[in-house]
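Make the full structure from the sequences, and use the hints.
Protein chains: 6
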Amino acid sequence: MATPSRRFRFLLINPYSLAPGSTFRMGAADDGAKEARLPNYANTAPFLADVDWDLHPGAPATHGNWPVETKQEFLSVGANRLPLVHEACASGRYNAIVLLGGGDPGYMEAREIGRSHGIAVTSCAHAQMHVAGLLGNRFSIIDVSETHNMQMYHLVVQYQMTGRCASIRNINFPLPKPHLPDVQPLDVERDKAQRGEASPMLDAAVAEAIAAIEDDGADVILLGCSAAYWMQPLLQQRLQAIGWEAPVLEGYRCAIEVAKSLVSLGIDASGLAFPGERPARWRRKKVF
Amino acid sequence: MATPSRRFRFLLINPYSLAPGSTFRMGAADDGAKEARLPNYANTAPFLADVDWDLHPGAPATHGNWPVETKQEFLSVGANRLPLVHEACASGRYNAIVLLGGGDPGYMEAREIGRSHGIAVTSCAHAQMHVAGLLGNRFSIIDVSETHNMQMYHLVVQYQMTGRCASIRNINFPLPKPHLPDVQPLDVERDKAQRGEASPMLDAAVAEAIAAIEDDGADVILLGCSAAYWMQPLLQQRLQAIGWEAPVLEGYRCAIEVAKSLVSLGIDASGLAFPGERPARWRRKKVF
Amino acid sequence: MATPSRRFRFLLINPYSLAPGSTFRMGAADDGAKEARLPNYANTAPFLADVDWDLHPGAPATHGNWPVETKQEFLSVGANRLPLVHEACASGRYNAIVLLGGGDPGYMEAREIGRSHGIAVTSCAHAQMHVAGLLGNRFSIIDVSETHNMQMYHLVVQYQMTGRCASIRNINFPLPKPHLPDVQPLDVERDKAQRGEASPMLDAAVAEAIAAIEDDGADVILLGCSAAYWMQPLLQQRLQAIGWEAPVLEGYRCAIEVAKSLVSLGIDASGLAFPGERPARWRRKKVF
Amino acid sequence: MATPSRRFRFLLINPYSLAPGSTFRMGAADDGAKEARLPNYANTAPFLADVDWDLHPGAPATHGNWPVETKQEFLSVGANRLPLVHEACASGRYNAIVLLGGGDPGYMEAREIGRSHGIAVTSCAHAQMHVAGLLGNRFSIIDVSETHNMQMYHLVVQYQMTGRCASIRNINFPLPKPHLPDVQPLDVERDKAQRGEASPMLDAAVAEAIAAIEDDGADVILLGCSAAYWMQPLLQQRLQAIGWEAPVLEGYRCAIEVAKSLVSLGIDASGLAFPGERPARWRRKKVF
Amino acid sequence: MATPSRRFRFLLINPYSLAPGSTFRMGAADDGAKEARLPNYANTAPFLADVDWDLHPGAPATHGNWPVETKQEFLSVGANRLPLVHEACASGRYNAIVLLGGGDPGYMEAREIGRSHGIAVTSCAHAQMHVAGLLGNRFSIIDVSETHNMQMYHLVVQYQMTGRCASIRNINFPLPKPHLPDVQPLDVERDKAQRGEASPMLDAAVAEAIAAIEDDGADVILLGCSAAYWMQPLLQQRLQAIGWEAPVLEGYRCAIEVAKSLVSLGIDASGLAFPGERPARWRRKKVF
Amino acid sequence: MATPSRRFRFLLINPYSLAPGSTFRMGAADDGAKEARLPNYANTAPFLADVDWDLHPGAPATHGNWPVETKQEFLSVGANRLPLVHEACASGRYNAIVLLGGGDPGYMEAREIGRSHGIAVTSCAHAQMHVAGLLGNRFSIIDVSETHNMQMYHLVVQYQMTGRCASIRNINFPLPKPHLPDVQPLDVERDKAQRGEASPMLDAAVAEAIAAIEDDGADVILLGCSAAYWMQPLLQQRLQAIGWEAPVLEGYRCAIEVAKSLVSLGIDASGLAFPGERPARWRRKKVF
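Protein chains in written order, with the working numbering: chain A, 1 to 288; chain B, 1 to 288; chain C, 1 to 288; chain D, 1 to 288; chain E, 1 to 288; chain F, 1 to 288.
List time: in silico DSS-like cross-link candidates among lysine-lysine, alpha-carbon distance up to 27 Å: (1) 192(E) with 177(E); (2) 192(C) with 34(C); (3) 192(A) with 177(A); (4) 192(F) with 177(F); (5) 192(F) with 34(F); (6) 285(F) with 192(A); (7) 192(C) with 177(C); (8) 177(A) with 285(F); (9) 285(C) with 177(B); (10) 192(B) with 177(B); (11) 192(B) with 285(C); (12) 192(D) with 177(D).
Keep in mind the hints are simulated off the structure, nothing from the lab. It should be emphasised that the depicted structure is a prediction, and the values quoted were computed from it without experimental measurement.
Here it is, written out as structure tokens:
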């Protein structure tokens with residue numbers, strides 16, 4: 001803990017970049033200004049107002065030209081992202097790295113890199129889970145598909161959050177894959193919902209959030225896949241209109257704000273949890 | 001979650017105020033500018049630079065004219081502090097309340113008040129435990145005495161943090177009580193340590209932090225009693241000098257930074273965890 | 001553990017006393033003989049037959065002239081009750097203090113006081129949870145309102161009973177407050193039910209107890225708010241008539257019987273869990 | 001829960017009886033008055049003053065003519081004891097059965113029998129663990145040997161008490177077996193200790209109790225094997241003399257007092273936890 | 001761990017044998033070749049192809065001439081089976097003992113015996129739970145009756161598997177007892193189902209398995225009572241036909257395969273978990 | 001579950017292959033017969049006697065030309081190994097894949113691949129932990145360095161084994177890196193130990209295993225890094241010589257034997273835990 005940095009210098013890194021021709025477009029241009037390229041920029045902009053920030057488009061995807069959902073795909077994009085984290089840490093240009101994407105690919109490993117440089121690294125699922133802990137007793141995650149659900153499950157276990165996770169709720173709007181039908185594109189759902197039209201995806205999220213509250217004991221709602229983050233304000237409004245006072249979170253803002261906290265406090269990660277190659281001291285035992 | 005507030009307006013409230021004549025003085029004047037009255041101001045000042053803040057001296061203690069350590073005393077000062085929280089929330093002058101003091105008296109109840117006004121309330125132990133969760137796997141709390149230890153124990157249980165707390169370590173420097181001998185005043189220890197002289201209190205904290213790391217599995221160190229918060233930078237240096245890369249936290253800065261995060265994110269607490277008198281909707285069941 | 005006391009000398013302390021004019025009357029006169037002032041006396045009398053007992057009406061409420069439901073109110077009445085516990089312990093007249101009321105205000109702190117005098121202190125929720133542990137694997141709590149539910153939730157966590165609590169079930173019969181409508185007064189429900197007439201409150205309790213058994217895995221049923229304790233024999237009968245062999249408990253009898261056990265065994269509380277101001281010995285660490 | 005029985009009618013059943021010629025004698029005559037046959041009668045007598053009680057010597061041991069320590073032996077004596085429980089319940093003479101012996105052989109099964117007759121059954125380890133829960137946060141068990149330790153381990157798991165058990169501590173004074181050397185007979189230790197002479201067994205218990213308190217986090221001490229129950233008052237005195245305020249329990253008194261509580265409250269066990277052959281209602285699911 | 005045994009020599013032991021006249025016949029002849037006497041032999045035969053095996057009919061039942069369901073009955077047959085385990089281990093003819101039967105009577109004790117001979121002992125419920133852990137996150141047990149469910153509950157607790165058990169699901173087809181009606185004999189259900197006719201028992205199992213998957217979070221299905229093991233291939237097919245990719249296990253094959261693993265690896269059980277009478281070394285403490 | 005395969009056809013895949021010039025050689029030739037290339041072949045050979053097996057040398061390392069220890073390195077080799085798993089599953093030549101290496105790189109993802117082909121995948125740490133569960137209550141892992149310890153920590157959490165892991169014990173013999181001193185090469189230690197000479201590495205393993213048993217409550221010992229698997233028979237002998245009856249496991253044999261069990265039982269992984277891209281059915285919720 002040290003004097004807070006007066007100025008935040010963050011690199012935001014997308015989980016991966018798809019090649020031209022992918023049918024998956026979540027509302028961000030492929031090129032142009034960073035503002036145009038950041039999904040849900042309007043929601044995120046105020047949180048970046050006091051930040052000097054760059055946006056990295058993500059390492060080119062090598063698993064295929066479609067968004068990630070399976071464990072294999074998450075492992076692949078995680079591994080591809082690490083060199084970017086190394087480079088960013090070594091550049092001296094940033095005091096925090098914000099990993100975008102809902103399933104946190106490469107996050108634990110990126111923290112290890114960040115620790116060796118004294119640079120904080122945050123990610124969307126982990127940050128949401130921690131903010132949820134400041135608000136209530138148990139959270140549920142509203143998420144898009146079976147495979148993506150199991151990645152969120154993996155993260156809840158890995159982050160030792162099972163005692164706080166009431167459930168992962170599936171709205172079953174899987175991400176598009178060129179070799180599979182895509183009957184309900186998420187960007188179409190988003191556009192409908194943002195125009196005030198009925199969106200089966202948003203309706204499903206409302207239904208599952210209510211089930212999470214009434215049946216599973218959730219008092220805070222998180223969003224799993226970043227392709228569903230656009231629902232945050234709309235889902236919050238819908239719950240409020242019904243009378244359920246459950247905060248709804250999404251990942252970008254949580255990851256940015258947690259990064260600010262860490263930078264201000266002058267901390268990044270415990271060197272015992274993320275040791276360097278040959279640490280000055282070693283422990284005879286680790287316990288759980 | 002909403003647009004981040006451009007400006008933080010915080011009220012910091014001491015846990016209680018003692019009457020003139022108390023022998024307990026932790027480095028803050030009783031009157032004068034707020035800066036002079038805030039303990040450890042030098043360490044905290046940078047974190048308040050972007051905050052419009054007031055400092056309330058705390059409700060006059062009714063349990064006796066000595067610092068709190070027992071459960072009874074914590075309950076008493078907690079109850080005494082709530083009217084201040086009510087008043088501050090109702091005043092419309094603040095967007096967050098930061099409860100000072102290591103044992104979090106009245107914190108859960110103050111959050112209930114804050115929730116009804118949509119105002120975030122943070123406190124030193126809870127904030128430290130949450131920040132610790134961002135850094136490593138398990139924390140230990142270095143604390144001053146048997147009775148105060150058991151208040152920290154109570155908090156770890158109440159906050160459902162038992163799975164993350166490696167241990168509470170006692171350095172046995174109890175707070176002064178006029179009816180008991182006070183052979184090792186904490187302010188004397190602080191002054192010695194800050195002058196670079198040997199301090200048995202700081203030495204005990206180093207010894208217990210090492211034991212927490214080596215024997216209990218801690219990878220982050222918290223400080224329990226606010227009267228020990230002055231040790232944070234010194235204990236951090238001592239551990240680093242030995243080679244243990246374990247972050248050391250204290251409560252003021254954590255509580256302030258967590259308050260900023262909540263205010264920025266436009267959230268305070270779940271209305272399901274802290275329901276109002278007759279909430280719009282009610283749940284048939286709650287589970288753990 | 002020592003020779004059992006041949007005679008029990010107990011002080012029963014109400015959680016608080018309301019001023020004349022409160023609309024809340026749970027079947028006990030404000031003055032007259034102690035028997036007339038103890039709610040549900042008929043159910044409780046046999047358990048007091050071998051006890052020399054006094055009934056304290058409780059400290060006058062300072063939170064308002066209505067029954068407690070919120071965390072703030074519980075903290076307030078808890079703090080107000082402690083001087084009575086001190087006085088009773090110091091009087092030498094009692095070998096146990098039985099704290100009446102469903103939400104256990106001031107219980108942990110009162111145990112600290114009792115410990116310093118070697119006097120057992122029991123309370124209704126804690127005693128019920130312990131008796132439940134003698135009977136089955138998991139209990140559910142039938143309780144009256146959202147806010148009161150969350151107090152029970154708080155207690156289950158604080159008593160480290162989360163692993164045994166299947167659920168808290170809400171029948172949504174909130175306690176009266178003068179500034180809020182009171183469409184279903186609890187004493188009216190009680191009188192109807194005790195006359196053998198249909199009571200929506202009792203019916204709701206039956207429905208939630210069945211749901212607790214069938215859906216949540218409860219095998220013992222507790223009652224949360226003391227204003228619902230009158231339901232115990234009726235709820236027990238209803239479940240038996242249906243064929244569910246789940247014991248139904250309430251707080252007064254459990255708290256009295258647990259007090260007898262402790263007095264007989266010559267124990268009150270562990271001095272390590274509830275240490276005195278400067279205990280003879282101190283522990284370097286506490287773990288969970 | 002019903003009107004408390006004015007009079008307790010208990011059958012105490014030894015875990016087993018050895019044939020003449022066994023070298024194991026724990027201070028009770030084989031015949032004569034029940035008072036002479038009950039081990040540690042002087043300590044237990046006051047707790048039986050308000051009880052009409054009989055003492056059954058236990059079913060003749062079929063595992064061998066030595067005290068039980070291994071899992072096989074516990075299973076054997078447990079099975080042998082059940083017909084006695086059946087007979088006692090069917091006789092109509094008792095309102096509770098108190099199973100003597102430290103390792104609770106046949107206890108869960110005896111509760112099933114008791115439930116079908118509406119008769120409470122208590123046992124020494126289970127009762128101690130429950131009383132410990134009324135006193136502090138975590139208990140340790142001081143016990144006599146590796147094999148007996150693992151029976152206590154088995155019980156802690158079976159009773160779902162792992163979260164409350166700080167440790168089982170072995171003093172390594174195994175019970176005698178005719179085919180093995182018996183260099184430190186427990187009755188010799190007892191007699192020495194009760195005469196005020198040095199007893200290595202008691203000294204070991206003191207040492208392990210201190211280690212349990214200082215290293216394992218225990219705040220209540222239990223005794224495992226009934227052949228060690230005689231140490232309770234002496235161990236309590238030794239700890240008090242050192243300054244450790246940890247209650248020390250033993251099984252006879254706890255089991256008797258818990259039986260009184262259950263009889264007074266008119267309860268025995270949940271019919272859902274211990275269902276009869278074809279219960280009136282059945283549950284579709286059970287959860288943990 | 002040592003060189004794998006080239007040849008498996010197993011004794012399979014039934015949980016008990018009923019006298020002639022029992023109405024309970026689960027598809028195995030009372031005499032004749034071992035193949036004719038082993039229930040579900042067709043399903044099990046391939047797993048025994050590389051095993052030299054004997055089948056013991058089980059000790060004659062002494063609890064009554066009906067199958068076991070209650071805790072008392074399980075304790076009785078467990079105790080009766082131990083001498084067979086002793087004898088088999090001492091014979092030197094076997095390198096593993098496979099305990100047949102769904103509720104694992106005498107299993108923990110038999111492992112103690114096996115350990116003292118260096119011979120592996122496996123049992124059906126324990127083996128299934130371990131295999132389930134190799135396949136997914138949480139299992140549910142489909143089982144036959146209230147009393148048998150509670151035996152399975154007992155085993156899940158005893159094996160410290162509560163964190164992995166999503167639920168025990170009751171299909172309510174209790175085992176026959178001569179003094180109770182037996183309207184739906186299990187062998188009739190089996191024969192109907194195996195002929196391809198509708199079986200209410202199998203239908204109930206399908207319904208409860210689906211509920212376990214959809215409501216309780218199970219991803220692997222176990223069968224509780226061995227009298228329901230015949231359902232394994234049929235239940236697996238039914239789930240697959242519906243589209244649920246949840247493995248369905250049963251006990252015989254799991255217990256046999258686990259025995260092979262242990263024999264191959266040259267291990268049986270930890271001597272610390274199952275110590276001998278006077279082990280070479282003893283531990284000062286055991287923790288959980 | 002189906003008829004056991006009469007013949008096992010396994011592909012063993014090394015975690016990675018280093019380029020010529022690496023100083024790390026754990027006893028296996030780079031080329032030649034598979035037997036010569038498999039580390040610790042003498043110990044493993046008997047377990048492969050009934051297996052048609054191939055050995056893949058592993059994907060060429062891209063993280064550097066040294067063995068893996070850090071999280072980044074594990075992620076890298078895990079991602080590199082997945083195409084080999086794909087190819088092997090698609091080839092139709094194998095009915096199980098055995099992933100060699102102590103830290104299980106790519107294991108969870110490889111199971112997802114295997115599931116889609118109906119092919120079992122096993123790995124060394126996971127297999128050891130499961131076998132340990134068949135033997136005792138709690139295991140400890142003896143491991144080589146801080147960074148590798150934290151990978152094992154990660155696995156224990158991910159596999160939801162924290163309740164069974166007593167500790168991870170560090171012997172501090174880190175793996176060689178060309179840019180760091182390598183004062184105690186592991187192959188030198190191995191050769192010394194196997195010649196019967198004193199080996200500080202083996203001595204450290206003995207010391208930490210004893211500490212795990214005496215202090216942490218372990219009753220089974222696992223080995224973390226595959227570069228330490230050679231110690232298994234020697235460590236087992238040393239513990240036995242001292243009198244500690246704790247089984248010592250290593251990964252190759254456990255992974256091979258678990259693979260045999262799964263192949264015999266005709267199962268690989270739950271399709272709910274490892275769903276395919278668009279599974280036939282989806283679940284509304286997942287719980288923990």
